[in-house]
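Q: Protein chains in written order, with this note's numbering: chain A, 17 to 328; chain B, 17 to 128.
Calculated from the structure, these hints are not laboratory results. Where hints are given, some of them may not hold.
Stated by the list, open to error - Each computed SDA-like pair below joins lysine to any residue, with the alpha-carbon atoms no more than 20 Å apart:
1) Lys155/A / Gly87/B
2) Lys213/A / Lys271/A
3) Lys128/B / Thr67/B
4) Lys85/A / Pro93/B
5) Lys297/A / Phe54/B
6) Lys100/B / Ala86/A
7) Lys85/A / Lys100/B
8) Lys74/B / Ala290/A
9) Lys74/B / Ser292/A
10) Lys304/A / Val265/A
11) Lys267/A / Phe251/A
12) Lys200/A / Trp228/A
13) Lys74/B / Pro291/A
14) Lys112/B / Thr194/A
15) Lys85/A / Asn53/B
16) Lys155/A / Pro93/B
17) Lys137/A / Ala109/A
18) Lys85/A / Lys74/B
Unchecked claim - Heads up, incomplete: computed chain A residues facing chain B, CB under 10 Å, no partners named:
19) His147
20) Val149
21) Val187
22) Ala193
23) Gly195
24) Pro232
25) Trp234
26) Gly235
27) Ala290
28) Ser292
29) Gly294
30) Pro295
What the hints assert, rightly or not - Simulated restraints on C-beta separations:
31) Thr124/B / Ser216/A: 50 to 60 Å
32) Lys249/A / Lys74/B: 40 to 50 Å
33) Gly212/A / Pro58/B: 53 to 63 Å
34) Thr62/B / Ala246/A: 41 to 51 Å
35) Thr110/B / Pro232/A: 17 to 27 Å
36) Ala108/B / Asp87/A: 35 to 45 Å
37) Gly66/B / Asp139/A: 51 to 61 Å
38) Lys107/B / Ala246/A: 37 to 47 Å
39) Gly109/B / Pro299/A: 45 to 55 Å
40) Thr110/B / Thr194/A: 17 to 27 Å
Ideal Cβ positions, reconstructed from N, Cα and C, are used throughout, including at glycine.
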Amino acid sequence: MDTRDKESLVNTRRGLLKCMAWAGTGIVWSVVGGVPKGVPISMGLGGTALAATSAFTFVQISDSHIGFKADANPDPNATLQAALDKAVALKPAMMIHTGDVTHLSKPEQFDTADQIIKGAKLDTHFVPGEHDVIGDDGKMYFERFGGKGAAAGGWYSFDQGGVHFVALMNVIGFGPATGATLGKDQLEWLEKDLKGKSASTPIVVLAHIPLWSIYPQWGWVTADADQAFAHLKRFGSVTVLNGHIHQVVQKVEGKVTFQTAMSTAFPQPAAGTAPSPGPMKVPADKLKSVLGIREIAFAPAAAPKLTDQILG
Amino acid sequence: MHAIKRRALPLAAAAMLLLGIGAYAGAAAPDTVTIANFAFSPTPLTVAPGTKVTWNNKDEEPHTVTSADGGHTFKSPALDTDDKFSFTFNKAGTYKYFCSIHRQMVGTIIVK
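This is chain A alone, in the form it adopts within the complex (with noise of 0.2 Å):
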C-alpha cells in the first residue's frame, strides 16, 4: 500500500478499518467519557496533541511472545523495544500488557521479556496469554507479573485516573472448549468487585483472548464472557481491551467498545483468512507496519479516544 492509498484510506471510517486490519495500522485510544474513538495517530495526528488535552492516558501492547524465532519474526525482542519506544515518546502514566508476554513459557523468556519491559520505566499491569501459562498453569508468570492483590486465580482490579480497570484470566482451561472461559469463581469475584462503584465510573475490561465472539472455529471466542457483562450493563462506558489475534478488530454494542490489538511480534490472518491462525508471513521491510501499540486517552464527561500506531 503506497501513501496515496494510506491517505484515502484514512479518509472513511471503513478504509480506516480496513487499513487496520490489513496495514495494521495503529490506533491511538482516548477514552473520553464513553464511547471511544479510534484515531490512526501514524498518519499525520500527532499523539501528543491527543495527550495534551487529556486527563489520563494510559498505552496497550500485546503479544509481544518473546522467545519466537520462526520466519514470520527472527527479533521479537527488537520489535518489542521498538514499540516501548513508541510508548515512552507518549509520556502515558502507565501501560498495559494484554498477554502473550512469551511464546513458550520457559524462564530465559520471562527474564528477557521482563529486562527489555523494565527498561520502559513505565507502570506496567499484565494479564497473561495462553502461551504464558503453558505446563505450569502460570506459577513463572505470576511470579514476575501478577497483578498487585491478584486473587487466587491471577484476576484483579485497580482504580487509576478515575478509571477502573479489571484484568481478567481467560487463558487456562483444563479440559478441550470452544474458546476460553472465565469460570464461576472469576464471574463471583467479578460482581462483587462491580458492586460499589458507581455507574458513571468509566471500566476498562483488560483480558487476553477476545471477550466477543470474532471466529470461534479458531478459539477467537471466551465463551461465557455473557455473564461478565451482565455485571457490566449498568455501567455508562466499558472499554474492552484484547489481544491474541493480532490485529485490530472493533466492535461496538451499546455502551460497550471491544477492540483486540496488534501484536509487537508478528501478525496473524484475518478471520477465517487462511488453513490456520498461525504466524503470517509479510515481507521483512513490512513487518513494523503491521505491528503496533495503542493509546488510550481519557477525559473527564467526554466520549473515550482510543489510537493504534504502528512501529514503522
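Given chain A, work out where chain B should sit, using these hints.
A: Frame of chain A; chain B shown alone:
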C-alpha cells in the same frame, strides 16, 4: 487413572529416548499423529495395547498434547516446531486429548 500414569510414564520416557537414536519411522507411521494447521491427524487413531504413539508438531505455533482429564494421564511440554512427544498406551480404552494452548484442538486415541 493414576495407576496408569505410574506404569506408563517410565515407558513414555524410554520411548522418547528411543526416538533420539532413530528407532522410529516418519510421519506416515500408523502410530504417529501429525499436528498441522491447528489440528491433530489422524483422529481418532486406533492402536493395539502397548503401542507407543508419537505426536509431531509441524506448525510454527507451539502446541501441547494433554489428556482431557486435565493432563493426569499424559501431558506434553510445549512442543515447538518439529518437536515430538510420545506416550505408550498400555491399557485398552478411549483416550481423549487436547492442546492446552488452543483448547479447540481435540483428538482421540482408541486402544483395543
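Q: Each hint needs a verdict: does it hold in this structure or not?
A: Against the structure, the hints:
1. Lys155/A / Gly87/B: Within the cut-off at roughly 16 Å; holds.
2. Lys213/A / Lys271/A: With a Cα-Cα distance of about 16 Å, the restraint between Lys213/A and Lys271/A holds, given a limit of 20 Å.
3. Lys128/B / Thr67/B: 10 Å, holds
4. Lys85/A / Pro93/B: Holds: Lys85/A and Pro93/B sit about 18 Å apart, inside 20 Å.
5. Lys297/A / Phe54/B: 17 Å, holds
6. Lys100/B / Ala86/A: Roughly 17 Å between the alpha carbons, so the hint for Lys100/B and Ala86/A holds.
7. Lys85/A / Lys100/B: 18 Å, holds
8. Lys74/B / Ala290/A: Given pair Lys74/B, Ala290/A holds - Cα atoms ~16 Å apart, limit 20 Å.
9. Lys74/B / Ser292/A: Within the cut-off at roughly 12 Å; holds.
10. Lys304/A / Val265/A: 18 Å, holds
11. Lys267/A / Phe251/A: 17 Å, holds
12. Lys200/A / Trp228/A: Given that 20 Å is the threshold and the Cα spacing comes to 18 Å, the pair holds.
13. Lys74/B / Pro291/A: Judged against 20 Å, a Cα distance of about 14 Å means the pair holds.
14. Lys112/B / Thr194/A: 15 Å, holds
15. Lys85/A / Asn53/B: Holds - the C-alpha atoms of Asn53/B and Lys85/A are around 18 Å apart, at most 20 Å.
16. Lys155/A / Pro93/B: Status holds; Cα separation ~15 Å.
17. Lys137/A / Ala109/A: 11 Å, holds
18. Lys85/A / Lys74/B: 15 Å, holds
19. His147: 7 Å, holds
20. Val149: 9 Å, holds
21. Val187: Check passed: Cβ of Val187/A comes within 9 Å of chain B, closer than 10 Å.
22. Ala193: Status holds, d = 4 Å.
23. Gly195: Because about 7 Å separates Gly195/A from the closest Cβ in chain B, which is inside the 10 Å limit, the hint holds.
24. Pro232: 8 Å, holds
25. Trp234: 7 Å, holds
26. Gly235: Constraint on Gly235/A satisfied, holds at 4 Å.
27. Ala290: 9 Å, holds
28. Ser292: 4 Å, holds
29. Gly294: 5 Å, holds
30. Pro295: At about 5 Å, which falls below the 10 Å cut-off, the nearest Cβ of chain B leaves the hint on Pro295/A intact, so it holds.
31. Thr124/B / Ser216/A: 50 to 60 Å: For Thr124/B and Ser216/A the Cβ distance comes to about 52 Å; the hint holds.
32. Lys249/A / Lys74/B: 40 to 50 Å: 44 Å, holds
33. Gly212/A / Pro58/B: 53 to 63 Å: Between Gly212/A and Pro58/B, where Cβ atoms are some 54 Å apart, the hint holds.
34. Thr62/B / Ala246/A: 41 to 51 Å: Holds - the Cβ-Cβ distance for Thr62/B and Ala246/A, about 44 Å, lies within 41 to 51 Å.
35. Thr110/B / Pro232/A: 17 to 27 Å: The hint (17 to 27 Å, Cβ to Cβ) holds, given that Thr110/B and Pro232/A are roughly 25 Å apart.
36. Ala108/B / Asp87/A: 35 to 45 Å: 43 Å, holds
37. Gly66/B / Asp139/A: 51 to 61 Å: Between Gly66/B and Asp139/A, where Cβ atoms are some 56 Å apart, the hint holds.
38. Lys107/B / Ala246/A: 37 to 47 Å: 44 Å, holds
39. Gly109/B / Pro299/A: 45 to 55 Å: 49 Å, holds
40. Thr110/B / Thr194/A: 17 to 27 Å: 21 Å, holds
In summary, the structure agrees with every hint in the numbered list given earlier.
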